[in-house]
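Engineer: What follows is the residue order along each chain.
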Amino acid sequence: MSPIVKKKGEKFTLSGKYLLFILTILCTGLIVLTLYTDYISRPLSVIAGRIVVPMQEGISYVGSSLSGRSEELVHIRDLLAENERLRSQIDQLTIENTMYKQDRYELTNLRDLYDLDAQYDDYEKIGARIIARDPGNWFHSFTINKGYEDGLEVDMNIMAGSGLVGRITKVGPNWSKVITIIADNSYLSGQVLATEDTLIVSGNLELYADGVVEFEQLKDNADRVVIGDKIVTSNISNKYLPGILIGYITSINRDANNLTKSGRLTPAVDFERLDIVLVILELKQEIEE
Amino acid sequence: MRKIIIYIILIIFCFLLQSTVFRGLAFAGIVPNFLIVLTASLGFMRGERTGLLIGLFCGLLTDIFFGDAIGLYAMIYMYIGFLNGKFSGIFYPENIKLPMTLILFSNLFYGLFTYMLLFMMRSRLNFSYYFVNIIFPEIIYTILITLFLYPLILVSQFDLRPKNDAETTN
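Just so you know, the protein sequences line up as chains A and B, in that order. Going by our numbering, the letters in the first sequence line up with residues 1135 to 1423, in that order. Going by our numbering, the letters in the second sequence line up with residues 8 to 177, in that order.
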């Protein structure tokens, strides 16, 4: 700590080599310290959160409205022509629309009764906006604009729409870091909804471009699991609440050991276009030992 | 003092751009690395000590918000700043070739180290995939961005030049 403070004070004579040496030791110490405790990361995250987060919120707001504006400009000509054409169809469509509206009303009612989403309603949720994404290209985490002042805690689950996005790994006063299930260092336990066979879902950077994630260790000797099956979080996962939709199986292969199967699955959430996510304010119950 | 304020503004500016605006402007999901450009440029413009301190703070910011352990990126960026500082003796503002080369190698260094520390250690051994799909595109995009960002940094430093020459001749 002292080399930095001294530098601002008076004329500083420590040469770069020694400063590098001292700071390297400091960094190594910090790495070890933050891996095992949150002694340092807590105050740092408060300071950084107070300074940077308000700016990030502003910029993401401006950024999203700017990109929306530029798209508008590109499409304005097409839209004018289209508008002309559509105007002539309006009358006809209005009549149809009223009919459809009635149908739709009925449909949503029926859906509400049947939908899988119903089981998520038990959990208390709050919405949060994504304000920044991992500046590197290696992992896919992001920060949201709510923190422990809003009641958020580490390991709370994040959803978008009806699918699982990830979980909180770090909280500041007004921001939290979310690790997504597609990140390369993410593993979670899931199960096939239809057969209740458990499997491990892991993110993989190599598969990211194809929009899929890996699963492995599926024990399915009766060959009942098929492509298109829904995968939900399992009840034996220690971080994720049970029954949240993860995605759909897109391919299955038998492993070389002939006992387990592995394959790919498509997440239910479109991770490219996330803007607002839901935080489930309930933690998976852990058994105290 | 003014010098330090300009450094802070530059760091926060680059970090914000990289984590918000350029996430939206990503080509094929790849974001250019502003912080490398900043660290490397200030390194060879201002010497190894400034370079390593700027790198340290750039890295710390990344670590606090996106890292798993605070200090890892800080260390990588710090060494990049320090190594770039070694070239401050042969740096001339008029010459764009040296900065470009240095930034290119800095980004390569960053990519290789991130891969080694965070991926190879977890037995993700398909290096060629990561090189072709992550490291290489990032370098290209960063070099492109450098063409715009570098003059900005140069201008911000030129204002201070007369004051600074007197101070930092050790």
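If you're looking for bench data, these hints aren't it; they were derived computationally from the structure. Beta carbons are placed, not taken as given, at the ideal position from N, Cα and C, and that holds for glycine. Any given hint might turn out to be false.
Restricting the straight-line Cα-Cα distance to at most 27 angstroms, the calculated cross-link-like pairs of lysine-lysine (DSS-like) are [to be verified]:
| hint | chain 1 | residue 1 | chain 2 | residue 2 |
| --- | --- | --- | --- | --- |
| 1 | A | K1259 | B | K10 |
| 2 | A | K1364 | A | K1353 |
| 3 | A | K1353 | A | K1259 |
| 4 | A | K1235 | A | K1151 |
| 5 | B | K104 | B | K93 |
| 6 | A | K1151 | B | K93 |
Some, not all, of what chain A presents toward chain B, calculated at C-beta under 10 angstroms [unchecked claim]:
| hint | residue |
| --- | --- |
| 7 | S1149 |
| 8 | G1270 |
| 9 | S1396 |
Engineer: If a hint holds in the structure, say so; if it doesn't, say that too.
Structural biologist: Structure-based check of all given hints:
| no. | hint | in the structure |
| --- | --- | --- |
| 1 | K1259(A) / K10(B) | violated, 46 angstroms |
| 2 | K1364(A) / K1353(A) | holds, 16 angstroms |
| 3 | K1353(A) / K1259(A) | violated, 33 angstroms |
| 4 | K1235(A) / K1151(A) | violated, 73 angstroms |
| 5 | K104(B) / K93(B) | holds, 16 angstroms |
| 6 | K1151(A) / K93(B) | holds, 11 angstroms |
| 7 | S1149 | holds, 8 angstroms |
| 8 | G1270 | holds, 7 angstroms |
| 9 | S1396 | violated, 16 angstroms |
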